[in-house]
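Mind docking chain Y on chain U? Use the hints.
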Amino acid sequence: MNIIIAGDGKVGSMLTKALSGEGHDLTLIDCNPAALESTIERYDVMSVQGNCASMEVLRNAGVQSADLLITATGQDEVNLLTCLTAHGMNPNLHTIARIRTPDYVETAYAMRRQFALSLTVNPERQTAREIDRLLRYPGFLKRDKFANGMIEIVELRVDEKSPLRDQPLYQMSSVTKCQVLVCAVVRDGKTTIPSGDFILREGDRIFVTASANNLTVLLNSIGLITTKVRNVIIAGGGRIAFYLTMLLLREGISVKIIEQDRARCEELAEKLDGATIVQGDISKQSVLESEHIEDADAIVALTGLDELNVILSIYANHMKVPQVITKLGRGENMELLEKLPIGSVVSPKELCFNTIIRYVRAMKDSAGAAVTVHSIADGQAEAIEFIVDQDTKHCGEKLRNIRLKKNVLLASITHGRQIEFPNGDSMFHPGDRIVVVSGEKFPIQQLNDIFQD
Amino acid sequence: MNYKMMIRIHAWLLILEVAFMVPALVISMYTGDGPAVRGFVWTMVIALGISALMFLLTRHAEHKFYAREGMVTTGMAWITLSLVGCLPFFISGRIPNYIDAFFEIVSGFTTTGASICPDVEALGKGILYWRSFSHWVGGMGILVFYLAIAPADGKNDGSTLHILRAESPGPSVNKMVPRMRDTASILYKLYIVLTVLDIIFLLIGKMPVFDAFCIAYGTAGTGGFSVLNSGCATYTPFAQNVTTVFMLLFGVNFSLYYLIVLKHVSQALHDEELRLYLAIVFTSIVLIAINIFGKTADTSSLEPTIRHSAFQVASIITTTGYSTVDFDQWPNFSKAILICLMFVGACAGSTGGGIKVSRVLLLWRNLRRNMHSIFHPNEVRVVKMNGSRVDEQTLKNVSSYLAAYVFIVIITFLIISADPGNFDLTTNFSAVMATFNNIGPGLAKVGPTCNFSIYDNLSTFVLSIAMLLGRLEIFPILAIMSPSTYKKA
Chain U
1 MNIIIAGDGK
11 VGSMLTKALS
21 GEGHDLTLID
31 CNPAALESTI
41 ERYDVMSVQG
51 NCASMEVLRN
61 AGVQSADLLI
71 TATGQDEVNL
81 LTCLTAHGMN
91 PNLHTIARIR
101 TPDYVETAYA
111 MRRQFALSLT
121 VNPERQTARE
131 IDRLLRYPGF
141 LKRDKFANGM
151 IEIVELRVDE
161 KSPLRDQPLY
171 QMSSVTKCQV
181 LVCAVVRDGK
191 TTIPSGDFIL
201 REGDRIFVTA
211 SANNLTVLLN
221 SIGLITTKVR
231 NVIIAGGGRI
241 AFYLTMLLLR
251 EGISVKIIEQ
261 DRARCEELAE
271 KLDGATIVQG
281 DISKQSVLES
291 EHIEDADAIV
301 ALTGLDELNV
311 ILSIYANHMK
321 VPQVITKLGR
331 GENMELLEKL
341 PIGSVVSPKE
351 LCFNTIIRYV
361 RAMKDSAGAA
371 VTVHSIADGQ
381 AEAIEFIVDQ
391 DTKHCGEKLR
401 NIRLKKNVLL
411 ASITHGRQIE
421 FPNGDSMFHP
431 GDRIVVVSGE
441 KFPIQQLNDI
451 FQD
Chain Y
1001 MNYKMMIRIH
1011 AWLLILEVAF
1021 MVPALVISMY
1031 TGDGPAVRGF
1041 VWTMVIALGI
1051 SALMFLLTRH
1061 AEHKFYAREG
1071 MVTTGMAWIT
1081 LSLVGCLPFF
1091 ISGRIPNYID
1101 AFFEIVSGFT
1111 TTGASICPDV
1121 EALGKGILYW
1131 RSFSHWVGGM
1141 GILVFYLAIA
1151 PADGKNDGST
1161 LHILRAESPG
1171 PSVNKMVPRM
1181 RDTASILYKL
1191 YIVLTVLDII
1201 FLLIGKMPVF
1211 DAFCIAYGTA
1221 GTGGFSVLNS
1231 GCATYTPFAQ
1241 NVTTVFMLLF
1251 GVNFSLYYLI
1261 VLKHVSQALH
1271 DEELRLYLAI
1281 VFTSIVLIAI
1291 NIFGKTADTS
1301 SLEPTIRHSA
1311 FQVASIITTT
1321 GYSTVDFDQW
1331 PNFSKAILIC
1341 LMFVGACAGS
1351 TGGGIKVSRV
1361 LLLWRNLRRN
1371 MHSIFHPNEV
1381 RVVKMNGSRV
1391 DEQTLKNVSS
1401 YLAAYVFIVI
1411 ITFLIISADP
1421 GNFDLTTNFS
1431 AVMATFNNIG
1441 PGLAKVGPTC
1451 NFSIYDNLST
1461 FVLSIAMLLG
1471 RLEIFPILAI
1481 MSPSTYKKA
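Here the protein sequences line up with chains U and Y, keeping their order. Its first residue numbered 1, the first sequence is counted upward by one per residue in our numbering. Its first residue numbered 1001, the second sequence is counted upward by one per residue in our numbering.
Chain U on its own, in the form it takes in the complex (with noise of 0.2 Å):
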């Protein structure tokens, strides 16, 4: 497909990097000229200069052959004229336009056919509601749904106090009294699809697939500590922080913001009835003091610095704060951060890029297309959810007859309301729900791609 993505930036070049390489053709529009000079010698892309909301760099873009464009520059008025310029002047063009501005997000949904977008995306509140569910059930890193809800992937780190150290793979379900499936491990920043006999290390940090129901079974099996949370320490008032606060609040959550400008403190006080907000600057460590943060069940780094968050959060695990979440803008090198003591990593940058792929994926190829992409460890796998129709091959043949390729794994098969773990005896029929899991770098466009044959 020939896409147009306007604005290079973290976004923008995140999807350049997977768009090209899944075999499209995309042009970048962005008013940086070094910016884009470094996107097209890594990438193979084409670019042209400019501000994307004017017919004539529209035109040189190439709007008229286009399938869809994609707007995430800073400026969410400039996305929305860019849509709606680039769709007038090509009615068959497919939009997605980043909204982030919370004035603007009824304006997206409400005039959503005027603005003729196709889908709208709004990372920061994408973020906060990721970081609501993880603060549900401390003790998860990541959480990403399948299945309606039914079937989550959950990520946990294998410490040396749990009792999942040293068991192979098959020991797993006695272990956890309840059915799950390990479907990634990241050790040391390396990502494996593991077969059974795979034995877990401490410092892994594994992917398991389980029944939404049996979360809390898990976290008590393998001993880690779920106090429900009920006061929250938010650090940085951004867009971010003020979704998800009200949220919180919803959910009669005690929140404290603490955010360094004066004037944005006093927005966020009028809107954000029942939070308290203090002024301070966070990386003082008085003001960490004062606000006693080691009595908060939970802390959120959001700062605009990702260097600010991950010190925040390596102070808050020394101060023994029980969950500690940290939000990363720029995500690049993470196998870094792997070793310190964060907490759960959120990346706004890469909820919106799963957004953006899957309704790629599925505007390609409308049929046997991907229901639910996520990407998991740290980027290196894909967790896709695919429903089972009449042409996938080998329908009501038992698993252990199935050649699948490497490094791709079935991790879940849903009949109705009944969660299936694969083994060598499961089959799946039309209209169930799968959960693939793959480490390979090319991408699983339709679910008849994992089969050897």
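Just so you know, these hints were derived from the structure itself, not from any lab. Hints are not guaranteed to be accurate.
Okay, derived cross-link-like pairs now, DSS-like style, lysine-lysine, Cα gap no bigger than 27 Å in a straight line [what the hints assert, rightly or not]:
1. U:17 to U:177
2. Y:1206 to U:190
3. U:339 to U:284
4. U:10 to U:339
5. U:177 to U:256
6. Y:1206 to U:10
7. Y:1125 to Y:1004
8. U:190 to U:161
9. Y:1295 to Y:1263
10. U:145 to U:405
11. U:190 to U:228
12. U:405 to U:364
13. U:405 to U:10
14. Y:1125 to Y:1295
15. Y:1064 to U:190
16. Y:1064 to U:406
17. Y:1445 to U:17
18. Y:1064 to U:17
Using C-beta positions, here's what the derived DEER-type ranges look like [what the hints assert, rightly or not]:
19. U:77 to Y:1174: 28 to 34 Å
20. Y:1174 to U:212: 48 to 54 Å
21. U:32 to Y:1402: 26 to 32 Å
22. Y:1050 to U:77: 45 to 51 Å
Just so you know, even glycine gets a beta-carbon here, dropped at the ideal spot from N, CA and C.
What follows is chain Y alone, placed relative to chain U:
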């Protein structure tokens, strides 16, 4: 530097070169030319052997590639291909001196067309075909061909852009479509279509089939090797005019043809470089026609005067170097115009050499702006081309290109002048200009009826390097010679 990947590209290129030699081998076999067949077969065996060895050594090459690697690979590849490509001349014994053979093939690949052979007809049809075909390959570039057919597995990075930039001429080279592979194959498709059209028209002009192919290759690559000792003088006026038109067509930026294919005709015709190019061509033709009219036996009447004038102007500005008459006999004013056209060269993104019309245009506009700012220091002006601003980095690059160009002309000229043959200034200077700008024939003792066999080995070698410098626009070859390229820190 990523040496493994660089070697791997070389291995692919050698296989391509062998494939390109096959038609010449077939012709040699057909004409029963034993020594030539032996030359080609041995060359192929050697090239495939080296290539296989290279593949074996680089099985786990990483694809990561940066500007430096792109430059060095391109420069190295051209040298390697020339070292191997000249073997048929050498092994067949048709050019017994290896350095002369090297000069001949470099002249072919760089689309110069300067020959070391006093009697080209004695080379044999197969060798002649290879010589002319090397123009066609070198015109658009063998690495661009490689980019068009390269296996696309996992090569979704932009590093190949550095190769395109190093091999394609012009101040700012960019892709026409998002994918490098598509860009390269569009270029080659346009190139093939135009070449085939040229062959058809030449055949209509009653040119022998073998000559038509060879002359078309030389025209397409703006090379200039002819297959007859008399150059293009004996072909019909129609065939000569066809060659004039096609030489000019191949001197135009190929991205304009792509615009025309996309039906953006008016945008293509409003291109400032194209307009200046045509203006220079037209003015030169008129001035030379007036100057030579009635002065020589060939130019006694109007039709041949204009035909020869147009042919020679097209031949020199596009840096092809074919000749229909001995322009060395023309008046000095006409010769001066031709020397100036050697500097200018063809358009960026074409198969021609020289400084390039767009660079001349940018140099002129930049000069005018800088002059203006001396008198009006506070006035802000920007340099524009085709309605949009040319960024300062491009202007700086163009200026440094000119500086490098001048230094190379001076150094080469000095070395050539030390040749034991002790030739006159016109001969030496025009020899440098004709090789460095990839034209072919110069004036006086290296004029259209003479050849470069007068120089000794050192001069021949230096001129070969000058041709490579000219074709790859200096920097890739300088990158190879500069020690800083190989430093690790």
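To see whether the hints hold, each was checked on the structure:
1. A distance of roughly 41 Å separates the Cα atoms of residue 17 of chain U and residue 177 of chain U; the hinted pair therefore is violated under the 27 Å criterion.
2. Taking the CA atoms of residue 1206 of chain Y and residue 190 of chain U, the gap is near 69 Å; set against the 27 Å cutoff, the hint is violated.
3. About 25 Å separates the Cα atoms of residue 339 of chain U and residue 284 of chain U, which keeps this hinted pair within 27 Å; it holds.
4. Taking the CA atoms of residue 10 of chain U and residue 339 of chain U, the gap is about 24 Å. The hint holds against a cut of 27 Å.
5. Between residue 177 of chain U and residue 256 of chain U the alpha-carbon distance is near 37 Å, which puts this suggested pair outside the 27 Å criterion.
6. About 62 Å separates the Cα atoms of residue 1206 of chain Y and residue 10 of chain U, which puts this hinted pair outside 27 Å; it is violated.
7. A distance of roughly 38 Å separates the Cα atoms of residue 1125 of chain Y and residue 1004 of chain Y; the hinted pair therefore is violated under the 27 Å criterion.
8. Restraint check: the Cα-Cα separation between residue 190 of chain U and residue 161 of chain U comes to about 23 Å, which is no more than 27 Å; the hinted pair holds.
9. Taking the CA atoms of residue 1295 of chain Y and residue 1263 of chain Y, the gap is about 45 Å. The hint is violated against a cut of 27 Å.
10. Restraint check for residue 145 of chain U and residue 405 of chain U: satisfied, since their Cα atoms lie roughly 24 Å apart, inside the 27 Å limit.
11. Restraint check: the Cα-Cα separation between residue 190 of chain U and residue 228 of chain U comes to about 33 Å, which exceeds 27 Å; the hinted pair is violated.
12. Distance restraint check for residue 405 of chain U and residue 364 of chain U: the Cα-Cα separation of roughly 22 Å lies within the 27 Å cut-off, and the hinted pair is therefore satisfied.
13. A C-alpha spacing of about 32 Å is found between residue 405 of chain U and residue 10 of chain U, which places the hinted pair above 27 Å, so the restraint is violated.
14. Taking the CA atoms of residue 1125 of chain Y and residue 1295 of chain Y, the gap is about 37 Å. The hint is violated against a cut of 27 Å.
15. Restraint check: the Cα-Cα separation between residue 1064 of chain Y and residue 190 of chain U comes to about 20 Å, which is no more than 27 Å; the hinted pair holds.
16. At roughly 25 Å between alpha-carbon atoms, residue 1064 of chain Y and residue 406 of chain U fall within 27 Å of each other, so this suggested pair holds.
17. Between residue 1445 of chain Y and residue 17 of chain U the alpha-carbon distance is near 57 Å, which puts this suggested pair outside the 27 Å criterion.
18. Distance hint between residue 1064 of chain Y and residue 17 of chain U is fulfilled; the C-alpha atoms sit about 14 Å from each other, no more than 27 Å.
19. A hinted range of 28 to 34 Å for the beta carbons of residue 77 of chain U and residue 1174 of chain Y is consistent with their spacing of about 30 Å.
20. Checked against the hint of 48 to 54 Å, the pair residue 1174 of chain Y and residue 212 of chain U passes, with Cβ atoms roughly 51 Å apart.
21. Evaluation of the 26 to 32 Å hint for residue 32 of chain U and residue 1402 of chain Y yields a pass: the beta carbon distance comes to about 29 Å.
22. Between residue 1050 of chain Y and residue 77 of chain U, the C-beta spacing of about 60 Å breaks the proposed range 45 to 51 Å.
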